[in-house]
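Chains X and V are the protein sequences, given in the same order.
Everything in the first sequence is counted per my numbering, starting at 1 for the first residue and increasing by one.
Everything in the second sequence is counted per my numbering, starting at 1 for the first residue and increasing by one.
A portion of the hints provided could be inaccurate.
For each label pair, taking beta carbons as the anchor points, the in silico distance ranges come out as [unchecked claim]: (1) Glu-218/V <-> Leu-175/X: 45 to 51 Å; (2) Glu-218/V <-> Glu-263/X: 41 to 47 Å; (3) Gly-195/X <-> Cys-225/V: 44 to 50 Å; (4) Asn-417/V <-> Arg-269/X: 36 to 42 Å; (5) Gly-165/X <-> Asn-417/V: 31 to 37 Å.
It should be emphasised that the hints constitute simulated quantities derived from the structure, not laboratory data.
Quick caveat: nothing in here was measured; it's all calculated off a predicted structure.
Cβ coordinates follow ideal geometry from the N, Cα and C atoms, glycine included.
Chain by chain, the residues run as shown.
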Amino acid sequence: MSTEPTSGYAPPPEPSGFAPASRSGPRHRAAGDDPASESALRIVWLCPDLLSTYGDRGNMLILARRAYVRGIPVETIEVRSDEPVPQEGDIYLLGGGEDGPQALAAQRLNANQGLHRAVARGATALVVCAGYQLIGTSFFAKGAKCAGLGILDITSDRGATRAVGELASEADPALNLPTLTGFENHGGRTHLGPGLTPLARVTTGVGNDGATEGVWHGKIIGTYMHGPVLARNPALADLLISWAIGSPVAPIDDTWPNRLRAERLAAIRG
Amino acid sequence: MTTAEQGTGRGGLPLRARLASTVSRTASALSRAAGRGDGSVIGGWLGLKIDPDLLKHLAAGRRVALVSGTNGKTTTTRLTAAAMGVLGDVATNSLGANMPTGHTSALARAGHTPYAVLEVDEHYLKQVIDATHPVAIALLNLSRDQLDRAKEVAMMATLWRDAVRDRDSRIVANADDPMVVYAAREARHVTWVASGQRWHDDSWVCPACGAHIVRAGEEWACAGCDLRRPVPQWRVDGDAVVDPYGNRHQLMLQLPGRVNRANAATALAVAAQFGVDPAAALPRLATVASIAGRYATVERDGRTIRLLLAKNPAGWLEAFDMAERAPTLLAINARDPDGLDTSWLYDVDFSPLQGRRVLITGDRAMDLAVRLEVNEVEFEHVPTFAKAVAAVPPGRLEVIANYTAFQDIRAELNRVN
Ligand SMILES: [Zn+2]
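So here's chain X without its partners, still in its complex pose:
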């Protein structure tokens, strides 16, 4: 049985509802509304209208729940690509998408500069797949080289083949994370500039280039494990929360995520 408490938790809006009027719970608001509690952990999901192809909402839902069950007040904010990026966020999320929406998201985020300012002041960010490519200096979409946000010294180009399947990797020891597991589906290959550290070393799948996977720099994590990467990697979710609140978090019951992890890691071992 699922055992977590249910009383009093107003979960963030579930899918088919980023139109804020339709389903806003007390802890969810749209960009431009008055900020609620100053003390809440604020999770900002950027461009859900463009970059939400692979269940990307999952990362917002998982972070919000893991904060809540520890008694950390939490607020989720979905910010459409044509809205300004709020500056009071603690964790910023960017998800995956197809070429056209990815290029449009880059234009709009560059015009706005809000994400640039947020990470410059030390906000935490998790950027996934197309969103990961976006934060670099350039990426390829629809056969053309596009300007990225230039937040990190990363470039992405096209690989010879599309990388589709399970992606497993051993995280940089400094992060003290267990084996990372996810699913990748991308045509890009990503190259880190000098001074940047990969998130992990690939054991199954492709990641950046077949050898390394993702990036971590300051409080920014980028990864090719697409969609709801935090479902299989609760320790990564907790790392993001601890960065955002500035202190470690206590363990919670991870029976089901751990069973899922064990099953997926066993599946790739054959």
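Based on these hints, arrange chain V with the ligand on the given structure of chain X.
Relative to the frame of chain X, chain V with the ligand by itself:
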């Protein structure tokens, strides 16, 4: 083949097509006898190898309707074929083999019929229109499906637009899906049906201009261009379908849910293009109880088990709408036909199941377990379908499963239809 046979039935077929058609039917029979599915794919494949124009030859002389869309096409095809039965014999690929091989096999097997209603995979629409010159084409909806290999939704809509433009066919299209409206609005002849759209997450961005789609009640419009909801000629009102003349036709469907009332409206609108009076078709729609196991109800050990298929996020939302408030088994696999990626679980809001007894099973039950925990839905994991049946008290058990999980359970129930 005797001279007499050549002079009757499919006598209009050229020799090569006749040979191909016969081989196709024989191979289908062999495949069925060997227990390999219903044989429609292998038979059609062989036939098309011998005569690449076989589908065209088999369709010639029939008045054809096509049905395509991400969801509901098998059911709508069945309902449309039932409605068209008012006019005479109807050939149809009711077993869900919805690519040209399946169409070829279905038409060859049916022999000569004046009418045909074919379910068409979204990706093959243009090819099948070219081969069959349909009188009417129903376009139901477009949403994300099998993410790790399908085209993006807006690209699919553009393919459809190009497929139906400059045709003489009547397009019967869903006015509530912006992707479908984008695809159909440039066609010469369009009939709009208000079929509804529970799933909005693939149509927030205008496929024509990239601006946002703004919704207010059932109306919607693009903020940046002239794409907007057309005025529908057919709509659903409660349990009735309202036709373009304002006549209400009370449905008596056995199939559950609002989405099947909308499918019935589309079926009546398509059949009307052939001259079928909706009032005459209603009793025939009421005879459809299940389609290849979908919506089937099976008695087992005192449990009344109902099977609902949900292949993608939009389909899951519709299934929650249909399921009664009873113990509910969710079964998830991620084999090739399902797509190998389970990320879509986070595109589905499972909260309609809160407060129900929920059991989970399937190859990827653990992915579902984590999803339900995040969604605050309590659940029990059961290793097999049989254990799920044993775990619930006598009475109703709703089963919602994705494609291969559904087929596994159907096999345990002796391939219920
Ligand atoms: Zn537009």
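TODO: Mind checking the hinted window 31 to 37 Å against the Cβ distance between Gly-165/X and Asn-417/V?
DONE: Since the Cβ atoms of Gly-165/X and Asn-417/V sit about 35 Å apart, the hinted range of 31 to 37 Å holds.
Task: Cβ distance range 41 to 47 Å for Glu-218/V and Glu-263/X, holds or violated - done: At roughly 43 Å between Cβ atoms, Glu-263/X and Glu-218/V fall inside 41 to 47 Å, so the hint holds.
- [ ] Go ahead and decide if the range 45 to 51 Å is satisfied by the Cβ distance of Glu-218/V to Leu-175/X.
- [x] 49 Å, holds
Open item on the list: Between the beta carbons of Asn-417/V and Arg-269/X, is the distance compatible with 36 to 42 Å?
Closed with: 40 Å, holds
Open item on the list: Please check whether Gly-195/X and Cys-225/V have a Cβ separation lying inside 44 to 50 Å.
Closed with: 45 Å, holds
Consistency with the previously given hints is maintained throughout, with no hint failing.
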